[in-house]
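Novice: Protein chains in written order, with our numbering: chain A, 15 to 273; chain B, 51 to 316.
Treat the hints as calculated values from the structure; they're not laboratory data.
Keep in mind it's a predicted model, so treat the numbers as computed, not measured.
Glycine included, C-beta positions come from ideal geometry on N, C-alpha and C.
Some hints could be false.
[As the list claims (entries may be wrong)] Which chain B residues face chain A? A few, computed with CB under 8 Å, are given here:
id, residue
1, Leu113
2, Phe145
3, His149
[As the list claims (entries may be wrong)] The following residues of chain B were derived to be distant from chain A, with all beta-carbon distances above 10 Å:
id, residue
4, Ile72
5, Asp92
6, Arg114
7, Ala117
8, Ala142
9, Arg154
10, Glu165
11, Leu166
12, Ser183
13, Ser199
14, Gly200
15, Gln215
16, Arg235
17, Glu260
18, Ser301
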Amino acid sequence: MRALRAVLPPLVALALVLAVWESLARGLSIPLYLLPPPSAVARAAAGELPSLLSAAWVTARAALYGFALSAVLGTGLAIVLSASRPLERAIYPYTVFLQTVPIVAIAPLLVLWFGPGMRAVAVSAFIVSVFPVIANTLGGIRSVEPALRDMFRLYGASRWATLWKLELPSAIPSAMTGLRVAAGLAVIGAIVGEFVAGFSESNAGLGILILSSYRQLRTDLLFAAVLFASALGLLLFAAVNLASYVLLRRWHPAASPRT
Amino acid sequence: MPPTPATERAPPTTARGVRVSISGLVRTFASGSKVIDGLDLDIAAGSFVALLGPSGCGKSTLLRLIAGLDRPDGGKIVRGEPASPPRTPALAFVFQDAHLLPWRTVLENAALPLELAGVGRAARHDAAIAALSQVGLTDAMTLVPSELSGGMRMRVSLARALVTQPSLLLLDEPFAALDEMTRQRLDDQLRELWGKLGMTVVFVTHSVDEAAYLAERAVVLSQRPARIVLDRTSSLPATRAVALRTEQAFSSEAAALRSALERGGA
């Protein structure tokens with residue numbers, strides 16, 4: 015009953031928007047290439063399902079590689095930076111650069127360095143998604159309760175033991191927040207990367223499908239591809255959410271994620 | 051001393067505690083304000099001393115200095131060596147909140163100090179079970195902190211402090227956040243443990259009643275910079291129970307501490 019009450023309002027809103035959209039697109043006879051009605055998008059999605067699915071899989075793989083790189087390298091860099099304040103002050107400002115760099119502008123560089131295709135696309139996904147992982151993990155390590163640090167010091171804990179038994183476990187909730195943000199960004203980074211760098215492979219990703227639908231004025235297919243891209247981001251986000259819930263439900267009741 | 055029935059527990063006989071000598075202690079904060087300015091205090095081995103003072107008077111700073119968590123700017127603190135040098139740290143600290151690791155079970159939390167000291171798994175679990183049984187928590191060993199009440203969490207914190215069999219136990223307003231009933235129960239439990247184990251206990255509090263009820267000796271500190279307003283050996287019997295809190299002897303003991311606290315500028 016409660017679940018129904020949570021799900022019902024957004025579903026009703028969606029149905030309303032789709033109905034208005036459908037009737038406007040038909041009633042005003044808007045050309046199909048400008049704004050296809052939802053029914054046309056659904057038909058395109060059904061008709062092109064195999065190519066949409068294979069494109070989504072290509073993009074998903076690149077996004078997952080990028081996300082995995084972010085998770086590993088971002089966490090690693092956060093640990094290194096947390097080891098010393100001077101190091102953090104020296105390096106951290108440059109990690110902000112990763113956040114602000116216009117990925118479309120440097121994507122050609124990525125093609126030069128990594129070759130066109132999967133690798134450049136994955137690196138693009140990595141660059142776009144790594145900053146929240148670094149910032150949140152570092153923040154989590156930094157905000158360990160001072161009394162707990164004192165206790166570890168009192169009992170003669172080594173630097174290593176303090177990292178493994180205190181700092182990293184304490185940082186998990188906020189690191190998970192960073193990973194949730196990174197999951198959505200990785201898909202965006204992969205699609206933008208594909209716009210520039212995704213050409214060489216025989217099987218193209220969603221970014222390529224979006225570009226080619228646009229060139230052929232297949233706006234219905236373009237909408238379907240965008241829908242698939244959003245679904246991909248949501249799926250990855252939900253997976254991280256689930257992992258976070260499973261990890262934290264017992265010891266951080268207040269910090270367990272709400273979906 | 052009133053005659054004590056044979057069944058009641060005598061004050062510590064097997065003194066495992068250490069002596070703490072503080073002389074000319076000075077601690078200045080970065081802002082330049084003196085928190086402690088030339089303090090002398092000698093704490094006998096195996097004694098139970100309450101440090102009583104107004105909020106912000108520097109009593110917590112004093113405790114951190116004794117623990118070695120903070121360095122003095124002048125003077126010195128000499129902590130005696132325990133009779134038989136232990137394998138594990140001889141000092142334990144209980145903070146104002148329980149400060150447990152939320153991802154660990156009660157058992158693993160209590161065993162943490164031994165784990166950090168490199169004691170093997172089986173040995174540290176045995177010691178943790180023993181410490182948990184001393185605070186009456188053996189039923190809760192597999193639970194995690196979020197499943198415990200505030201009083202239970204504090205008892206785990208106490209067990210964690212006891213697991214290394216410390217010769218010096220420092221407590222910084224440990225039960226201040228608990229409700230009155232739980233607090234009294236833990237006060238009793240702490241006194242009982244001290245009677246049984248005989249370590250030196252230094253207990254920081256801002257509660258006159260708690261200081262009067264718990265300690266063999268109460269040291270009342272003034273407003274900052276902290277100096278000693280009153281150093282009083284308790285006239286209460288060694289065996290104490292809740293009923294004592296309503297007796298005349300307790301009231302006059304508390305009154306003496308309260309007036310000293312007021313003299314010190316609370």
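Novice: Determine for every hint whether it applies to the structure shown.
Specialist: Tested hints:
The interface hint given for Leu113/B is violated, since its Cβ lies 11 Å from the closest Cβ of chain A, which is over the 8 Å cut-off. Look at Phe145/B: its Cβ gets to within about 5 Å of chain A, closer than 8 Å, so that hint holds up. Residue-level restraint check for His149/B holds (minimum Cβ-Cβ distance to chain A is 5 Å; threshold 8 Å). With a minimum CB-CB distance of about 19 Å to chain A, Ile72/B clears the 10 Å threshold, and the non-interface call stands.
For Asp92/B, the requirement that its beta carbon stay farther than 10 Å from each beta carbon of chain A is met, with the minimum near 23 Å. Against chain A, the non-interface label of Arg114/B is violated: not every CB pair exceeds 10 Å, the least being about 8 Å. Interface exclusion of Ala117/B from chain A breaks down, the closest Cβ pair being 6 Å apart, not more than 10 Å. Non-interface status of Ala142/B relative to chain A is broken: a Cβ of that chain comes within 10 Å, the nearest being about 8 Å off.
With a closest Cβ-Cβ approach of about 8 Å to chain A, Arg154/B is found to fall inside the 10 Å limit, against its non-interface label. Not every C-beta of chain A lies more than 10 Å from that of Glu165/B, the closest at about 8 Å, which undercuts listing it as non-interface. For Leu166/B, the non-interface assignment is contradicted: its Cβ lies about 4 Å from the closest Cβ of chain A, within the 10 Å cut-off. No beta-carbon of chain A is positioned within 10 Å of the beta-carbon of Ser183/B; the least distance is around 21 Å.
Every CB of chain A is more than 10 Å from the CB of Ser199/B (nearest about 14 Å), matching its label as outside the interface. Consistency note on Gly200/B: stated as away from chain A, and its beta-carbon is indeed over 10 Å from all of that chain's, at 15 Å minimum. With a least CB separation of 13 Å from chain A, Gln215/B remains clear of the 10 Å interface cut-off, as annotated. For Arg235/B, the condition that its CB be more than 10 Å from all CB atoms of chain A holds, with the nearest at approximately 23 Å.
Distance to chain A confirms Glu260/B as a non-interface residue, since its nearest Cβ pair spans about 21 Å, more than 10 Å. Consistency note on Ser301/B: stated as away from chain A, and its beta-carbon is indeed over 10 Å from all of that chain's, at 35 Å minimum.
Consistency note: the structure conflicts with the earlier hints numbered 1, 6, 7, 8, 9, 10, 11.
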